[in-house]
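Going line by line, the protein sequences match chains B and D.
So for the first sequence, this note's numbering puts the first residue at 1; every next one is plus one.
So for the second sequence, this note's numbering puts the first residue at 1; every next one is plus one.
In case anyone wonders, no lab produced these hints; they're calculated from the structure.
Hints should not be assumed to be uniformly reliable.
Now the stretches of chain B that chain D is said to cover, found in silico as 3 or more residues with beta-carbon under 8 Å [claimed, not checked]:
no.	region
1	121-135
2	186-199
3	214-221
4	226-237
Note that the structure is predicted; figures quoted are calculated from it, not measured.
Where a beta carbon is used, it is the ideal one built from N, C-alpha and C, also for glycine.
There are 2 protein chains.
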Amino acid sequence: MRIESMKTIGIIGLGLIGGSMAVDLRRRGFAGEIIGVEAEPVNAAAALKMGLVDRIVDLKECVQESDVVIVAVPVGAATGLLPQVLDWFSVFAQRDGDCKKVVMDVCSTKEQLASCVNGHPFRNRYVSTHPMAGTEYSGPWAAMAGLFDGHACIICAAEDSAPDAVRMAEDIYDTLNMRVIYMEPSAHDVHAAYVSHISHITSFALALTVLEKEKDEKHIFDLASGGFSSTVRLAKSSPDMWTPILSQNKDNVLHVMDTYIEKMQAFRQAIAEGNEAQVRDLIEEANRIRRIIR
Amino acid sequence: MRIESMKTIGIIGLGLIGGSMAVDLRRRGFAGEIIGVEAEPVNAAAALKMGLVDRIVDLKECVQESDVVIVAVPVGAATGLLPQVLDWFSVFAQRDGDCKKVVMDVCSTKEQLASCVNGHPFRNRYVSTHPMAGTEYSGPWAAMAGLFDGHACIICAAEDSAPDAVRMAEDIYDTLNMRVIYMEPSAHDVHAAYVSHISHITSFALALTVLEKEKDEKHIFDLASGGFSSTVRLAKSSPDMWTPILSQNKDNVLHVMDTYIEKMQAFRQAIAEGNEAQVRDLIEEANRIRRIIR
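Please model the complete structure; the sequences and the hints are all you need to start from.
Following this line, the structure appears as structure tokens:
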């Protein structure tokens, strides 16, 4: 930890991620004041009442008063917001002679966001990050202590950010007990498609399948075992968050989906042919995941 | 609970399910002695040393000495074993005048097993059951206390079993804290395909996809979040158990897989076309699972 004094943190988007960061940055003494920007009035009022933030402010005030601005809105909105934040940095720099504030985002796709700010005169005050933790719930009421503990956080294109800005992001993720990994935005988006985005799509498709076929929801409720629940859990995830992710990471996601559909077809064929040896081979091959996932 | 005295329980197959039943039937006072049949010598020795069973015996001794025989082997082996147990019931009935022993299986598909014993003179001493609980682990070392608590157990074709035999099965599942649901074998197999078997196939396919695409396993390990882990968890499941399930429930499973592949294709098309409204609709539709799965 290299924290010199408690920081004023501005969080734009007080949902699961922004809210959970607020909880741990406050209770672990990193944040002095936490101020928030939230477009949904009900969510803003709730975040305030829950004590996630000390004040709700507008974007300009948030940037003006914060040492660090965390952009924690769905990635579709972030592509618009992030350049605005950097523009305010320019304005304040002109007024004050310089601007040493930091802005970081926490979105699940990184390449398109990077392209929105590359070339901006204050690009090096921005740190591109993706804390890989979450639940299937959303909104400030989903915020929880300890959400990030032990998970990985990716920092992308660190060489495009000022060293002190990267250090600030590292301090924040250190406070959140995350393991920081460094990666290029394009590599991040490929890996995220494999180990995160496809999982959500397979869960959505599973929910759609079961909901269509099991007309009597009581049967699903009665019969759902732990296995089904864990496989379908991500299907509860927010469309506000996931629609722009799948859109922005379209090429990688489609590529992984094609491989996935091929694997399903191979399974289908082996079962249809009554080829038990082949079914067994496929399951044994899949079992290799045991070595990797505890 | 309608237990008159502690029973001698014979368990054929000392794996996750058989072993976990042994743990709870003993500690909750239902079982007096528990004897086991186990084809794998290492597993048999472990089950004995772990105290899951009091003795390892052969099939004939098991049937001879037990009040209740629980067939807890993979369903491929159960179709051979179950008629053998009923044949021993015939032998003992001839010798003793009658046989009031009970045999039940705990397999995940029910129709093919039913057809193996229908018409057997001791068919009504058999109760077809499916306790819908488990983990992705197998073997006696996977046995755990409380595995079944709060889950559903299906009893199939209860009208083909003697009332006292059904009552015995109900007492056992009552002891295991399960909710008993009654269903025909064919209906069971349809519902099991939707809420259990397809979940396993989607996990296997997900593991195969990620293992093929992420050549560097360290990346999977580093980046796997809770979401990926929960979605891929079932891919660790045993091929010994799952190969015969997918084989015996082939028609239902193929039908559900076809619907699932259609849903994946619909998702793929919406993403490929950049149709965010359609992606959002699909996610919102999938979100309906929230109402059913906590």
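Cross-check of the supplied hints:
| no. | hint | result |
| --- | --- | --- |
| 1 | 121-135 | holds (count 4) |
| 2 | 186-199 | holds (count 7) |
| 3 | 214-221 | holds (count 5) |
| 4 | 226-237 | holds (count 12) |
In this structure, every one of the numbered hints holds.
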